[in-house]
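Visitor: Taking the hints into account, I'd like the entire structure generated from these sequences.
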Amino acid sequence: MFLAEHAVGLLAAESKNPSPLLPDTAELVVGIFSFLVVLFVLGKILVPRIQVTLAERTNAIEGGIQRAEEAQAQAQQVLEQYRTQLAEARHEAARLREDAREQGAQIIAEMREQAQAEAERLIGHAHSQIDADRQAAFIRLRAEIGELAIELAGRIVGESLEDEARRRGTVDRFLDELDDRARAGT
Amino acid sequence: MSASHLLAKDFQAPGLGLFQWKPLFHIGPYAVAKPIVLVLLVMVIVVGFFWAAFARPKLVPRGVQNLGEVAYMFVRDEVGRPFLGKDTEKWMRLLVPLFFFVWVGNLMSVVPFAQFPVNSRIAFPAGLAVLIYLTFWVVGVKNQGFIGLLKSATMPPDLPKPLYLIVVPIEFVSTFLIRPFTHAVRLFANMFAGHILIALFATVAFHFLWDKVTPLGFPVGVLGVILTITMTAFELFIQAVQAYVFTLLAAFYISAGLYSDH
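Chains as they are written, first to last, in the numbering used here: chain A, 1 to 186; chain B, 1 to 262.
Hint data in this document are derived by calculation from the structure and do not stem from the laboratory. This structure is a prediction, so every number in the text was calculated from the model and none was measured.
One side of the interface only, derived from the structure: several residues of chain A facing chain B at Cβ under 7 angstroms:
| hint | residue |
| --- | --- |
| 1 | Leu21 |
| 2 | Pro23 |
| 3 | Asp24 |
| 4 | Leu28 |
| 5 | Gly31 |
| 6 | Leu39 |
| 7 | Leu42 |
| 8 | Gly43 |
| 9 | Leu46 |
| 10 | Val47 |
| 11 | Arg49 |
| 12 | Glu56 |
| 13 | Arg57 |
Every residue, glycine too, gets a C-beta built ideally from N, C-alpha and C.
Guide: Rendered as structure tokens:
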């Protein structure tokens, strides 16, 4: 390793050694000068520059982290909001379905009631119609039966009944009796 | 004569001559030798590297800037913050140049053709230590006043009163008189000793495998090669540690000037 030095003979002879603890003036001057140059260039120019850069980087990273946290919080909030809205919507839908079902049932019941009433009304109407028809038929029949019976009785008896009023009274009485008889018979 | 004497009779162990260099040229009355060339090289390397890394720093670092940032953050987190706390940023302007000037100077020990730790010449560590010592005085007087600095440096709080008779002189001598010497000599001596060790093993290897090859000396030469490589690796570690310790002490001394509660 030190062959080069020995070979070139740069080392001074050992005989005139000063103490290694005594600083050489030229070395002292050049050493301090060199260090001051390094101190000036690094201390005044380069170290402040990297310090600024490191501070900026810290800011950038911290800012980035903060922004990411904010974005995450925001996303979380939106998600919560959506979830709430979704739950509300589900709830609403369920409520609407329930309402619809209830309304449907109600409508069906109403319709059924109406139909029932209509049917009853129709039946009632038919009944009264029938009754009226029967009554009418009965009245006409009664009148005709009366005439027929008188005519028949006139022919059989050979006498004509003079008094109209009396004749009607007799017939009516007779028919009433028939009625009574029929009612008693039933 | 024993075998070991026979074996080593022509072997010359390297000594202090390792650290004495013939002048390459003169500038006025000053002789310029290899250490001066190396320290200028250190200056160029440190400035060049950090210029490449930090001249136009990017928010998203690329290439050399990454390496520079690792270096910067090592000094900031391991050296600055433990002692200087919230004042670290400001003092990084001194600590970063200091650490890399010392470390690259030490590294010259293992750079081919340089092969000489700059800081094994006492003048370089001494110059740095004096600058730190002056900085300690300036910030100390500025922040605590002259009396305050003397008091905080020599009178640790909460001691029994009579003890101050002993403690104050000891602390005074150690803080104000001896400190710059120990600061410089610690770095100097480590680099000096490391260089001698590597040189010794390298010389052993050269002597027994090249100069005087003998059957007996051959294994010794091989051992020299192995130890040279091992010690070089170990020196790489010591170089970094000593640069770290030198800067750490500088940070500690400055903090002793800045704050009175040390």
